[in-house]
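Engineer: Based on the sequences and whatever the hints tell you, model everything.
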Amino acid sequence: MDDINLHYRFMNWRRRIREIRDVRAVRYRERLKRMLRDGDVLRYHGNSDEVGCFVAARPLSKRNRYFEVTIVDTGVRGMIAVGLVPQLYKLDHQPGWLPNSVAFHADDGKLYNGNTVGQQFGAKCCRGDRIGCGISLDSDDGQITVFFTKNGDEIGSVDIPASPDALYPAVGMHSLGEEVLLDLNADWGTDDDDAQMIVDSHEEDWARLYDVKVTGTLLEYVGKGKSIVDVGLAQARRPLNTRFHYYELEITDAGEKCYIALGLARRDYPKNRHPGWSRGSIAYHADDGKLFHGSGVGDPFGPRCFAGDVMGCGIMFPRDFNLDDDGDDWDLDVVPKPVEVQNDLYANNDEDEEEEEEGEDVEGRKVMVFFTRNGKVVGRKEVALPAAGFYPTIGMMSTGEKVRVDLQPLSG
Numbered sequence: 001m002d003d004i005n006l007h008y009r010f011m012n013w014r015r016r017i018r019e020i021r022d023v024r025a026v027r028y029r030e031r032l033k034r035m036l037r038d039g040d041v042l043r044y045h046g047n048s049d050e051v052g053c054f055v056a057a058r059p060l061s062k063r064n065r066y067f068e069v070t071i072v073d074t075g076v077r078g079m080i081a082v083g084l085v086p087q088l089y090k091l092d093h094q095p096g097w098l099p100n101s102v103a104f105h106a107d108d109g110k111l112y113n114g115n116t117v118g119q120q121f122g123a124k125c126c127r128g129d130r131i132g133c134g135i136s137l138d139s140d141d142g143q144i145t146v147f148f149t150k151n152g153d154e155i156g157s158v159d160i161p162a163s164p165d166a167l168y169p170a171v172g173m174h175s176l177g178e179e180v181l182l183d184l185n186a187d188w189g190t191d192d193d194d195a196q197m198i199v200d201s202h203e204e205d206w207a208r209l210y211d212v213k214v215t216g217t218l219l220e221y222v223g224k225g226k227s228i229v230d231v232g233l234a235q236a237r238r239p240l241n242t243r244f245h246y247y248e249l250e251i252t253d254a255g256e257k258c259y260i261a262l263g264l265a266r267r268d269y270p271k272n273r274h275p276g277w278s279r280g281s282i283a284y285h286a287d288d289g290k291l292f293h294g295s296g297v298g299d300p301f302g303p304r305c306f307a308g309d310v311m312g313c314g315i316m317f318p319r320d321f322n323l324d325d326d327g328d329d330w331d332l333d334v335v336p337k338p339v340e341v342q343n344d345l346y347a348n349n350d351e352d353e354e355e356e357e358e359g360e361d362v363e364g365r366k367v368m369v370f371f372t373r374n375g376k377v378v379g380r381k382e383v384a385l386p387a388a389g390f391y392p393t394i395g396m397m398s399t400g401e402k403v404r405v406d407l408q409p410l411s412g
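For the sequence shown, the UniProt record's numbering gives the first residue as 1, with consecutive numbering after it.
Source of the hints: derived by calculation from the structure; they are not laboratory data.
Some hints here could point you the wrong way.
Unchecked claim - Below, computed lysine-lysine pairings styled on DSS-like, alpha-carbon distance capped at 25 Å:
no.: 1; residue 1: K226; residue 2: K402
no.: 2; residue 1: K290; residue 2: K376
no.: 3; residue 1: K290; residue 2: K381
no.: 4; residue 1: K213; residue 2: K62
no.: 5; residue 1: K290; residue 2: K150
no.: 6; residue 1: K402; residue 2: K376
no.: 7; residue 1: K366; residue 2: K402
no.: 8; residue 1: K402; residue 2: K257
no.: 9; residue 1: K150; residue 2: K226
no.: 10; residue 1: K213; residue 2: K402
no.: 11; residue 1: K224; residue 2: K150
no.: 12; residue 1: K257; residue 2: K376
no.: 13; residue 1: K224; residue 2: K257
no.: 14; residue 1: K62; residue 2: K150
no.: 15; residue 1: K290; residue 2: K257
no.: 16; residue 1: K110; residue 2: K150
no.: 17; residue 1: K213; residue 2: K226
no.: 18; residue 1: K257; residue 2: K150
no.: 19; residue 1: K62; residue 2: K376
no.: 20; residue 1: K376; residue 2: K366
no.: 21; residue 1: K90; residue 2: K33
no.: 22; residue 1: K213; residue 2: K224
Structural biologist: And the structure:
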C-alpha cells in the first residue's frame, strides 16, 4: 500500500512540474520583432518605416529591479526607446506609446507614458550614452515608481498603476543602423542604501558562500578552477521543508567545463567538496549527468545539462512528516552568516580530513529526493535526512560558470 501511495504522490509531482514547465515556456520567453539579438547586442532589422521592439523574458522585480542599455550606434535617426511594457505588448509600437507602458526616448529626450505624445523629461542621448530604467523598492501597492537614468545619474521618475511582475524591460528602435548593448542584470544603488541593497541582492538567502559571487539571483563562480579542490560552494540559509520542498537553477553560462552540481547537503558540509562527493549529500552533476550520493564516484542518472537548461531538486516528505521539523522552527541562529567571497580553501589540516569523508549517510528519517531537468523528472532516490535537514547546495568548479537560482519556484 505504501508503494502505491508513493507512486500516486510521485505522479502528482510530475504533473505539477509539467504544468509549471508549460506555463514558464510561455511566460519566460523573450519576444522581439524587426530586431536581431546577438548575445547582449540588439540591432534594428527593419526598413525604417516600421518599429522594431524587444521585450525581455522576465519582468522586473524587487529582486532584479533595474536594467541598462548602452547606445552602440544611433543609426540614421537614433529613435531608440528604453522602458517597461506588459508581457504581451504589441511589437510594432515603441515602448511608451500604448497603455500600461512607459519609456524614455533617446532621440528627443521625452518620456512617453501610455501615449504617442511625449513630455519633455531629459536630454537627448547619443552614441556611448547609457540609459537605465528601474523600479523603486518603496513603491506602494497598486502604484509603481519607475525611474530613468543617463550615464549613472537619475533623470527623473514617474508613478504608474501596475504591479512589479507586470512590467517587462523593453527596447524599441525605428531606423537603420541602430544598435545597443543590453544589460538585464545591471546594478543600481548608492552607498547610502547599502543595507537595503544587501537584502535585495539575495545574499541573505545564503548561509555559506565560497568562491561564489552573488548578484541578485545570479551566482557566479570566481574561484581558481584549476583542480578538484577549487570548488565554489553556495549553501542556502534554510533547509527544504514541507512548505518549500523544491528549488531550481538555470545555467546561464556553462563556463569552460560546466562542472555545475545541484543538490542537497547537511549544514556542515565541507566547503571544498562538490555536492554529492561527501556523506550527508546528494547531487545531480550537469557535466556528466551522473548522480553522486556520498561518494566521489557517480552513477549514470540522466542527461547532461548545458547553458539554458533548468535543473531542479526536491524532497517528497512522508505524509506523516511533522511540521515541527520544518525549517521555520529549526534553530536558524546557529547558521553562520554569509561570508565574503574568498579563495582561502582548505585553511587547516583538520578541515581537510573532514572534507575527504565519503560513505553512507548517518541514520535518519528516510525521504525521497528527486531531480528534474527542464521541468521533467529525471529520477529519484531514497536517502536518510540529516538531523538538521537537507540544505539546497550548489557547486561550481570551472571558470565562467554562472547560474540563476530560484529557491521557491513553486510558491508563485
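Engineer: Take the hints in turn and mark each one as holding or not.
Structural biologist: Evaluated hints:
1. K226 / K402: holds (17 Å)
2. K290 / K376: Judged against 25 Å, a Cα distance of about 16 Å means the pair holds.
3. K290 / K381: OK: K290 and K381 at ~13 Å, within 25 Å.
4. K213 / K62: holds (19 Å)
5. K290 / K150: Given pair K290, K150 is violated - Cα atoms ~48 Å apart, limit 25 Å.
6. K402 / K376: The hint holds at about 22 Å.
7. K366 / K402: Violated: K366 and K402 sit about 32 Å apart, past 25 Å.
8. K402 / K257: holds (12 Å)
9. K150 / K226: violated (40 Å)
10. K213 / K402: holds (9 Å)
11. K224 / K150: Roughly 36 Å separates the two Cα atoms, so the pair is violated.
12. K257 / K376: holds (24 Å)
13. K224 / K257: Judged against 25 Å, a Cα distance of about 13 Å means the pair holds.
14. K62 / K150: holds (21 Å)
15. K290 / K257: holds (15 Å)
16. K110 / K150: holds (13 Å)
17. K213 / K226: holds (18 Å)
18. K257 / K150: violated (38 Å)
19. K62 / K376: Violated - the C-alpha atoms of K376 and K62 are around 29 Å apart, more than 25 Å.
20. K376 / K366: At roughly 23 Å apart (the allowed maximum being 25 Å), K366 and K376 satisfy the hint.
21. K90 / K33: holds (10 Å)
22. K213 / K224: holds (13 Å)
Hint compliance for this structure: hints 5, 7, 9, 11, 18, 19 are not met, and every other hint is.
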